[in-house]
Amino acid sequence: MEFLAVIGQAVKSFIDIFGVTILVPIVIFILSLALRVPVKKAFRAAIFMAIGLTAFNLILNTLWGQMNTVMVLISNNVGRTFDVVDIGWPAAAAIVYSNDLGISYFIVGLVWNLILFFTKVTDTFQPTDIWNYYYFVVWGIMVQFVTGSFVIGLLACMFMNLIVLFIADFLAPALQEYYGYEGLTCTCVCVTNIAILAGLIRWLINKLHIKEVQLNPEKIQEKLGFLGEPAMIGIIMGLIMGVVAYFPDLTNPSLIAETLGLKIFPFALMLAAMLVIYPTVSGMFVKGLIPVSQSLNARVRSGKINRKAFNIGIDPAVYFGETATLTTGLLLIPILIITAIILPGNRIIPVADIPAMPFMAIGAIAVFKGNILNATITGTIWYSIVHYIATDTAALFTQMAENAGQALPEGATYITSWCVSAIPPCYVVMKAFSAPGALKFILMAVCVVVYVLALWHFKTHRKGWFMFFGASEEYTDQYMNVAAQNA
Amino acid sequence: MARTVTICVCCGGGIFTTSVVTEEIEKLLKSKKISYKIEPHKITEIPNLETDIIVATGKTQATNKSGAPVLIGLPMFTGVGKEEFSQLLLKTIAEVVGE
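Sequence order for the protein chains is B and S. In terms of our numbering, the first sequence opens at residue 1 and continues consecutively. In terms of our numbering, the second sequence opens at residue 488 and continues consecutively.
For reference, chain S alone in the conformation it holds in the complex (with noise of 0.2 angstroms):
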């Protein structure tokens, strides 16, 4: 059994697409069986954040100072391009939490 993921979803205000976003992440991961942890945060705070993924809700150009990675959720938002996005989530996933 992997060890938990950590996510943070960042937005603007940390709220509204958040909230979205949030909600369709732990949807997946639910269904998928992946132990995670998630946790609302804001795009400004993203270059101090300690975590494995960081998925923000809109394009930004911000990156972490440890290195996790940041991916653009926004298709978790809108539903155009979910299922992509879905793999892409999965597959990052699997790459930090690893064997």
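Just chain B, same shape as in the assembly (with noise of 0.2 angstroms):
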């Protein structure tokens, strides 16, 4: 604990006197050594790391400046509090990289995630996805600004590892027989944690007969297909919200052209122009972290680990395809959209994490083999909730990104990721390890508690909690017997 302590402190300080920008390659490139990359693609990935960083918060400053003023004058025109501004997932991804806890855990989770897997707590070998790390470290840095505490902090991004891998786990069986990817898995936690509704959903469509009724992916992707495109999501985004803010100027007829040729065109273009450019940004990131990731794949896949029975992480982007699951998540774009408009207490509206929509349903239709009515009905309840959490979480999530050293312009507004508050597990883990004072201590105790108790429930009942969650019989008696050969 000391000694975690001691790190923690130093890397804090090396940020304090140097910055992030110069720290996080740094890591990178000692990492990637280590790993043995080769030393000019590690130079070369520590240099993207820090690129990445500066771009985005280029980026972010612009964005949120313009996302301001106009999400306050909604607020005004509509009489009710739309505050919280959606600025997209690559916020929480240079949060987690401007923190000293994010880039320690760069190490400790490799270190964590190693010792899982050699000690057979999981199956899935998650270095591979070490770029989707950053969706729960970003909660275990909210438990960091809550309590003060490195440490702990530290031990709730460990125990949030611990659920990441036991979903990974327990839903890799859905995954390889509906997306036919055997041996692999997904550990990005906020497009698989949705799997849990959706398992108790399926238990209780099978409980009361109830018939499932089949949707035409062809026809909702003929009709809402636009609707994934980054630049068009975007531009409709930016006309709506504009008309909206501005709607007093549009009754004036003297300043009608004004508005809209100064005002409302400018900020949807603007829209448009970052949702755009936000992949090629958050690229960057990721072009750090793919000799890490790539040099584990070879190893783990070089046949030299003594066990065949394993799966291992991979990015969503590979499921993310797949007719059903896109036609669910462009379904679910104008659903959650009207549902945050909608409930009462709400204050965001998804923007920016929009075109990530598709791979939100992923969990749910793995779980439903590909039933698009089931698995837009799922997210449209567990979706709704995550409204909630990004409303209550985005004062945390603001300060987390001003202390990251995002210069923020003032304003009554907060920032936060729709994508990332999407992970209501995390939100419970969050709470309980930030409560105050000791009551933090008997919640953690408690969550531990709960974790042994369904991992070791899982462990021995696997081919219930694989049926569960979606698997058939047949392909869980497969899965379960190459398992078993190699036990």
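Simulated from the structure, these hints should not be mistaken for laboratory data. Positions of the beta carbon are idealized from the N, C-alpha and C atoms, including for glycine. One or more of the hints may lead you astray.
Unchecked claim - Once the Cα atoms are required to be at most 25 angstroms apart in a straight line, the calculated DSS-like pairs of lysine-lysine come out as:
| id | chain 1 | residue 1 | chain 2 | residue 2 |
| --- | --- | --- | --- | --- |
| 1 | B | LYS369 | B | LYS223 |
| 2 | S | LYS520 | B | LYS40 |
| 3 | B | LYS304 | B | LYS369 |
| 4 | B | LYS40 | S | LYS524 |
| 5 | S | LYS578 | S | LYS520 |
| 6 | S | LYS552 | B | LYS223 |
| 7 | S | LYS569 | B | LYS304 |
| 8 | S | LYS546 | B | LYS369 |
| 9 | S | LYS552 | B | LYS219 |
| 10 | S | LYS514 | B | LYS40 |
As the list claims (entries may be wrong) - Derived list of chain B stretches under chain S, where covered just means 3 residues or more per stretch with a C-beta under 8 angstroms from a C-beta of chain S:
| id | stretch |
| --- | --- |
| 11 | 227–238 |
| 12 | 284–292 |
| 13 | 295–305 |
Unchecked claim - Chain S stretches covered by chain B per the calculated footprint, using a threshold of three residues with CB under 8 angstroms from any CB of chain B:
| id | stretch |
| --- | --- |
| 14 | 515–527 |
| 15 | 576–584 |
Using the hints, build the complex out of the two chains.
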């Protein structure tokens, strides 16, 4: 414990003196070298990481500055507070890579993953998906912020990592059977955790003998396909938000032309531009981590590891293009915007994370074997809850972004990432680990006990768990046979 | 000398798997001395792309309106079946670029 705190302090002092844009590339460089990535490649990776952080800060300033103005006007006009700006998941990545705990977790997490893998706590080899650590690490950083303790924050990260691997383990057969990628599972927790609710709903459907309805994905895709393009989402959302924000000016005939030309259109174009540029910027972060991921991937597949029945964690991008997944995502876009507007007390409207919506369907689609209607209903329930989580954590998230050195404009609004908020299990753990006083230690113990019991039940009733989460009996038998042969 | 071949690599977010697969394809094409242009895109953009060949990193049923072939490039990411995919890609390039 002492030792961890010392590391945290050292990293923090370094950040205070030199700034993150130097520390991050150094950590990535050393980590890459330690994993035997060639020097030239490691250096390139490190530089891209720093460029990514710099580029992101530039974009964020513009985006939030403009969104700030518009969201305040919208709130005034509709008579309800919408003061949480969804600036997208790259924001969470940037926070994690600018934070002492976030950077330390690259190394601690890697070692933790390897320990869990080789002690067979998990069957999932996660380090290949190191890029998606930040989804749960950002929640651990929230704990660090509330408690002021690096160590408790780190423990929260490690505990959330256990949950991530647990979900990856029990969902693996369903993912493999439906999507057809043997030996792979998904460790990007924001897209898999919906499986928890999907499993329950599937169980209920079977119990009540409800007849399943199949929707035709081709028709839906034809009608809503344009919603999948970031440029189109940007323009449409930008125009709608602009009109609502500047509505009073539009009712004044002498101001219409000026408002449209100088305020609404530029805002819509700015939003579209941001959504189009975002992937490029995040691509920089990714370039920094690819050598590490690929080096581990090559080694774990080299056959030298004496264990055949295991799954490799992979980025959810490979599941995205499947028809039912894409269609469910497209359906969820308008639905979740509407629930955000209708639900009382909610203060966020998803904007920058909208293009990521098909990702969010993956966990449910795997469980329902491609049933779009069931997945859409599950998504509507689960992700409407997420609106409230995003609203609740926005102040904390904003504080973290400011602390991460992002020069944010003064304003009456908060920022968050809708996708990163979409992990209710992490929200619960975050609340438990950052409870006031000694209560947190009791709740931490409760979390650990619940996890250990669930894991024990899973290990002793694997077949039941796999089938509960959507795998067929034949596939489960086949999947477990392979595991048994190697045991 | 054949003309330059244009390849679009597509994944969900146009980021992670795209970057890896792009790097692998570049390595292959450089070693074969094939002149190429390669761009990252999103899977949702596949129908409207103007390109010679499309490589999607994951499985997809999407087709291109202009008739560019859509290959599944997951092997380039995981390394399993990489040799077969490389052969397929080279064959497709030869067909597209032609004589």
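Check of the stretch 227–238 of chain B against chain S for coverage (Cβ-Cβ below 8 angstroms, three residues minimum): That given contact holds, which follows from 3 residues of the stretch 227–238 of chain B lying within Cβ reach (below 8 angstroms) of chain S.
Given the hinted pair LYS552 (chain S) and LYS223 (chain B), is their alpha-carbon gap at most 25 angstroms? Distance ~16 angstroms between LYS552 (chain S) and LYS223 (chain B) Cα, so the pair holds.
Verify the coverage statement for the stretch 515–527 of chain S against chain B, using a C-beta to C-beta distance below 8 angstroms and requiring 3 or more qualifying residues. violated (count 1)
Hinted pair, alpha-carbon criterion (25 angstroms max): LYS569 (chain S), LYS304 (chain B). Please report holds or violated. The given pair, whose Cα atoms are some 19 angstroms apart, holds under the 25 angstroms limit.
Next pair to validate is LYS578 (chain S) with LYS520 (chain S); report whether the Cα-Cα distance is within 25 angstroms. holds (14 angstroms)
At least three residues with a C-beta closer than 8 angstroms to a C-beta of chain B: is that true for the stretch 576–584 of chain S? violated (count 0)
Does LYS546 (chain S) pair with LYS369 (chain B) here, judged by a C-alpha cut-off of 25 angstroms? Roughly 15 angstroms separates the two Cα atoms, so the pair holds.
Is the straight-line distance between the alpha-carbon of LYS514 (chain S) and that of LYS40 (chain B) 25 angstroms or less? This hinted pair holds, its Cα atoms lying about 16 angstroms apart.
25 angstroms Cα cutoff - pair LYS40 (chain B), LYS524 (chain S): Distance ~24 angstroms between LYS40 (chain B) and LYS524 (chain S) Cα, so the pair holds.
Just to make sure I understand the rule, a stretch counts as covered if three or more of its residues have a C-beta closer than 8 angstroms to a C-beta of the chain. Does the stretch 284–292 of chain B meet that for chain S? Holds, because 3 residues of the stretch 284–292 of chain B bring their Cβ atoms closer than 8 angstroms to Cβ atoms of chain S.
Check whether the Cα positions of LYS520 (chain S) and LYS40 (chain B) lie no farther apart than 25 angstroms. Distance of about 23 angstroms is within 25 angstroms: holds.
Does the stretch 295–305 of chain B contain three or more residues whose Cβ lies closer than 8 angstroms to a Cβ of chain S? holds (count 3)
The structure shown violates the earlier hints numbered 3, 14 and 15.
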